[in-house]
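Undergrad: Single-letter residue listing:
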Amino acid sequence: MTAGLVTDDLRVTFGDVVAVDGVSLTVPGAGCNGLIGPNGSGKTTFLNAVSGFVRASGSVTVDGRPVALGRPRSAVACGLARTFQTPQTFVNLTCRENVLLGMSQEGITGLSATWVLRPRLARAERDRWGRAAALLDLVNLAGRADDLAGALSYGEQRRLEIARALATGPKMVLLDEPAAGLNQRETEQLAELIERIRDDGVAFFLIEHKLDFVTRLCDRLSVLALGRVIAGGPPAEVLRDRDVMDAYLGMRTRA
Amino acid sequence: MSVSDPVAGGEPSRTTGAGGAGRSRPVQPSGDLLAPLRQRLFRPAGPGAGSDGSAGSPVSIGGRRSPRTWPQWARLAAFIVAAALAPLVVSGAYQLGIATLVLIYVVVSLGFYLVFCLTGQFSFAQAAMFGLGAYVGAWADRFTGFWLSLVIAVAITAAVAALFLLLVRRASELYFAIATLGFAEVAILVFQNWTAFTGSGGEVQLTTGISVFGAVVDTPAGQFWLALGFAGVALILVKLVELSPMRREAVAVRDHERVALGMGVNTLRVRVVMFALGSAFAAAAGSLFATTQGFIDPDSFAVGLGIDIFLVVILGGVGSMWGTVVGSIFVVALPEIARPAATYSDLIFSVCLLVVIFLLPQGFGGILQQARTALIVRRQKAAAGGLPVTDQAAAEGDR
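Protein chains in written order, with my numbering: chain A, 1 to 255; chain B, 1001 to 1399.
Treat the hints as calculated values from the structure; they're not laboratory data.
Please read all numbers here as calculations on a predicted model, not as lab measurements.
Cβ atoms here follow ideal geometry from the backbone N, Cα and C, with glycine treated the same way.
Heads up, a few of these hints could be off.
[To be verified] Label-pair distances were calculated between CB atoms; the ranges are:
#	chain 1	residue 1	chain 2	residue 2	range
1	B	Ala1082	A	Gln105	40 to 48 Å
2	A	Phe14	B	Asp1299	44 to 52 Å
3	A	Arg55	B	Ala1171	13 to 21 Å
4	A	Pro66	B	Val1351	58 to 66 Å
[As the list claims (entries may be wrong)] One side of the interface only, derived from the structure: several residues of chain B facing chain A at Cβ under 8 Å:
#	residue
5	Pro1245
6	Glu1249
7	Gly1262
8	Asn1266
9	Val1303
Could you put together the complete structure from these sequences and hints?
TA: Here's what the structure looks like:
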């Protein structure tokens, strides 16, 4: 198995608050793995640190390639793509354009291409349109390609975000509470979608509160409490763990 | 890095339960003081706007795979041809002078359209860039002909703009606006006091005219056509940007810079390119302005002009490059028409601005598009509601 995502002594502080306290985690570069923990345990901050959205110390590597911390584009270049807790789509752009934005690293998008190298640009753009159409089809939004993202429902925006993340050609997609705000049916559809993409060879690492969703999808779970990893292993095992229950119920760690 | 960033997020509101369509708008970053204004200006247009060429989006119509762009080019060509015929109808030197000024405003406002409307960079420096172009052009004009001085003015201004942006790249929105205001004020001081470069009090008299293919352009109609050439080229360049991936990257930077960064968009490059390009437009307009007017002084490029340019895009509508044309006509021609009521011109303007901000967030230029959208929606409703119509059509098709 490939090494996947490895963090070593990752630490994030906001002033005096230590949000992520030296997390060393190895996430396999295949399948679906999860991170759970009580509110405020630093899950999202950990994800932000890994994807370069907050400053952090320590190290992050993807398949052995170091990610420059605090630089989102470096994370993308290393094969990490992410979604957000509240869907962050570009509401003034169409669904197609949202997905195409994920392909921005491929180049030929600048002014010189716009004015001088137009035929080359058109060729590259046609190719990108084709891939964008396939991705929109994958997330079941093929019919909405020309609609503004702002016109989509909450659940549809979540799927659009996943398509956009996949457009960056990632090795691993980081999902920040993908099922939050979805109803039972939508959650079910999302799980099926993630399984389908996983079977195509893209790894997932997700943060989630819905435990049935997590146990269904994840091969391994890690548990974060107060910025530290307190447990890890197969979901069934982890959820039986006494410390984990305490952390969630706030009996010992918060006392 | 602020914790209140949308990226950091709070805990998700699971209370929402079922994914309702009502929660489709992402949270704006708090601490962003200009957010309400931007939200009002750059909110998604009504239904069907996305599939409309005038919204500037290269999207397909009727499920076509490739973008259909020829109607947009046809519109552009029609505008240029129609405008080129104007001197045949309007012959007064005064009226043509006003029309020429309108076209110069169109060029400088198109630059601002790139900087502000597309990329969301709230800049007061556009007037200063216009002035820089005018002064550098006037200076170079002493040694070279007009066309070479134009190239020099555009190149120097674009370089200054790029350098300035790199210096203030970390300034967040409001501070960026203040930095550009500072740039504008400093530029005026330089124009006034660097007399070796400009002239006494910053006033410069230009003596050489413009020649095109050996013929000197000195008639009002000739100047109008020359300005129209500038405006036409500017419109074409902006249209090309709008039909290219640059547009979506710019809009992404405008609406959610950090999220765009997380998708791999080189946001700094987008900002620098658009700012330098917008300033280059301003420089070209400034150079033309200096030569057609024959005289420039620093007061012409004060912050008041920056506000005028802002008014152009707000009044015309920020959603389309055509807004700059509509807006320029309003801002330049209206005070001239309303000259008898000159005392009240500021009042008239204020009222216009308030009306637009509150009632027509898409500007006067947006009225046409709104009307068209309403028409399309009504037609669709009629088609959907009237089954007999389709039956009849089918029956007619059988015959």
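Undergrad: Please go over all the hints and tell whether each is borne out by the structure.
TA: Here is how each hint holds up against the structure:
1. Ala1082(B) x Gln105(A): 40 to 48 Å: holds (43 Å)
2. Phe14(A) x Asp1299(B): 44 to 52 Å: Taking Cβ atoms as reference, Phe14(A) and Asp1299(B) lie about 49 Å apart, which means the hint holds.
3. Arg55(A) x Ala1171(B): 13 to 21 Å: Distance hint for Arg55(A), Ala1171(B) holds at roughly 18 Å.
4. Pro66(A) x Val1351(B): 58 to 66 Å: 59 Å Cβ-Cβ, so the 58 to 66 Å window holds.
5. Pro1245: holds (4 Å)
6. Glu1249: At about 6 Å, which falls below the 8 Å cut-off, the nearest Cβ of chain A leaves the hint on Glu1249(B) intact, so it holds.
7. Gly1262: holds (4 Å)
8. Asn1266: holds (7 Å)
9. Val1303: violated (29 Å)
The structure is inconsistent with hint 9 alone, although it conforms to all the rest.
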